[in-house]
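> Chain X is already provided as a structure; the job is to place chain V on it using the hints.
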Amino acid sequence: DTGVSQNPRHKITKRGQNVTFRCDPISEHNRLYWYRQTLGQGPEFLTYFQNEAQLEKSRLLSDRFSAERPKGSFSTLEIQRTEQGDSAMYLCASSLGTGLNQPQHFGDGTRLSIL
Amino acid sequence: SQQGEEDPQALSIQEGENATMNCSYKTSINNLQWYRQNSGRGLVHLILIRSNEREKHSGRLRVTLDTSKKSSSLLITASRAADTASYFCATDAETDSWGKLQFGAGTQVVVTP
Numbered sequence: 019d020t021g022v023s024q025n026p027r028h029k030i031t032k033r034g035q036n037v038t039f040r041c042d043p044i045s046e047h048n049r050l051y052w053y054r055q056t057l058g059q060g061p062e063f064l065t066y067f068q069n070e071a072q073l074e075k076s077r078l079l080s081d082r083f084s085a086e087r088p089k090g091s092f093s094t095l096e097i098q099r100t101e102q103g104d105s106a107m108y109l110c111a112s113s114l115g116t117g118l119n120q121p122q123h124f125g126d127g128t129r130l131s132i133l
Numbered sequence: 002s003q004q005g006e007e008d009p010q011a012l013s014i015q016e017g018e019n020a021t022m023n024c025s026y027k028t029s030i031n032n033l034q035w036y037r038q039n040s041g042r043g044l045v046h047l048i049l050i051r052s053n054e055r056e057k058h059s060g061r062l063r064v065t066l067d068t069s070k071k072s073s074s075l076l077i078t079a080s081r082a083a084d085t086a087s088y089f090c091a092t093d094a095e096t097d098s099w100g101k102l103q104f105g106a107g108t109q110v111v112v113t114p
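Residue numbers (our numbering), protein chains in the order written: chain X, 19 to 133; chain V, 2 to 114.
Chain V on its own, in the form it takes in the complex:
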């Protein structure tokens, strides 16, 4: 079973536009992480936000976390064609000690030139 659910399932935008995707989860967490996956490749870590943090930035990426609503959002600003990929949120549950991640089904993002 998957802990997180991403919304929307798919997103199509033009270069220069912003892309926002959301993640909801079910249990208390140590942290929430966002990963990117290009077709046929492994996952690339983007951002880790701890349970006591509310917002984090990395370059064109902005992540928010609302633990009261058990939700997170990932914003990609000024998107580029190279941002075309699937984006996954993953949670490290508070009950787990080993850093095991539970992933959602992902948001497929297509950025057209």
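Bound conformation, chain X alone:
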């Protein structure tokens, strides 16, 4: 169990640029979640994958955001035309998909700063 891995750890970019983050979940976990966390707040749900299928998207996930999980393994989160308000920590979590009551395992996140 190597844990959930996220890359990069930090991303600094200019407003208007596109950015992509990667998440590698724990290998046997078929559920994968993306959350966004701003300073002083708890994480907010963005989207969820069961294997390769994206089953739920939050209203927070505007058209500029897209997430994929090809082959049901790693996932990517892309933000197009970044805005100042996108500055946040983006967290990925995975869990076993064997029903209810499974804890989620989080990566250390990607901190995005928009200049």
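One thing to keep in mind: the hints can contain errors.
According to the in silico footprint, chain V covers these stretches of chain X (three or more CB under 8 Å from chain V) [said to hold, decoys possible]:
1) 62–69
2) 118–126
Here are the in silico distance ranges between beta carbons for each label pair [what the hints assert, rightly or not]:
3) V:A83 with X:P26: 26 to 34 Å
4) X:R33 with V:A79: 46 to 54 Å
5) X:E101 with V:S29: 30 to 38 Å
6) V:D67 with X:N119: 14 to 22 Å
7) X:G58 with V:D67: 24 to 32 Å
8) V:V45 with X:G115: 16 to 24 Å
9) X:Q98 with V:A79: 48 to 56 Å
10) V:E16 with X:E101: 42 to 50 Å
11) V:S59 with X:L114: 15 to 23 Å
12) V:E16 with X:S84: 42 to 50 Å
Quick caveat, the hints were computed from the structure, so don't treat them as lab data. Glycine is no exception: its CB is placed at the ideal position from the N, C-alpha and C atoms.
Below, chain V without anything else, positioned relative to chain X:
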């Protein structure tokens, strides 16, 4: 919007003292989970308590759940400097099928030697 609210927002104690924080939530749940977050890091799962459970222990941690009051508490006994972190409660709502979590804003705990 955030489902849970933690109280207090911040807590400062000395090593060896107990720390108690509370969480209130709004909707029916499958379970409630507590997580710890050190500065700049991801969240670490501490305890999961199911809706039909009332109390759970793990080492120095004790969690209670009162579904009639829609509230939970986390007690850390004999605190250590290493317990300094933010603590979040998260709920898995009964209406959700995918284990999506809704977090509160957290309690920031500082333990001084």
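> Determine for every hint whether it applies to the structure shown.
Cross-check of the supplied hints:
Remark: the region 62–69 of chain X is confirmed as covered by chain V, as 4 of its residues place a Cβ nearer than 8 Å to a Cβ of that chain, reaching the required three. Three residues within the 8 Å Cβ limit are the bar, and the region 118–126 of chain X against chain V gives 9, so the coverage statement holds. Checked against the given bound of 26 to 34 Å, the beta carbons of A83 of chain V and P26 of chain X, roughly 28 Å apart, stay inside it. Distance hint check for R33 of chain X and A79 of chain V: the Cβ-Cβ separation is about 48 Å, which falls inside the suggested range of 46 to 54 Å.
Taken as a hint, the range 30 to 38 Å holds for the pair E101 of chain X and S29 of chain V, whose Cβ atoms sit roughly 36 Å apart. Range check, D67 of chain V to N119 of chain X: about 18 Å between beta-carbon atoms, so the 14 to 22 Å window is met. In this structure the hint that G58 of chain X and D67 of chain V lie 24 to 32 Å apart at CB holds, the actual value being about 27 Å. Between V45 of chain V and G115 of chain X, the C-beta spacing of about 21 Å keeps the proposed range 16 to 24 Å intact.
A beta carbon spacing of about 50 Å between Q98 of chain X and A79 of chain V agrees with the range 48 to 56 Å that was offered as a hint. Separation of E16 of chain V from E101 of chain X is about 44 Å and conforms to the stated range, judged on CB atoms against 42 to 50 Å. A C-beta distance of roughly 19 Å is found between S59 of chain V and L114 of chain X, which places it inside the suggested range of 15 to 23 Å. At about 47 Å, the beta-carbon gap between E16 of chain V and S84 of chain X stays in the expected band of 42 to 50 Å.
Checked against the numbered hints above, the structure violates none of them.
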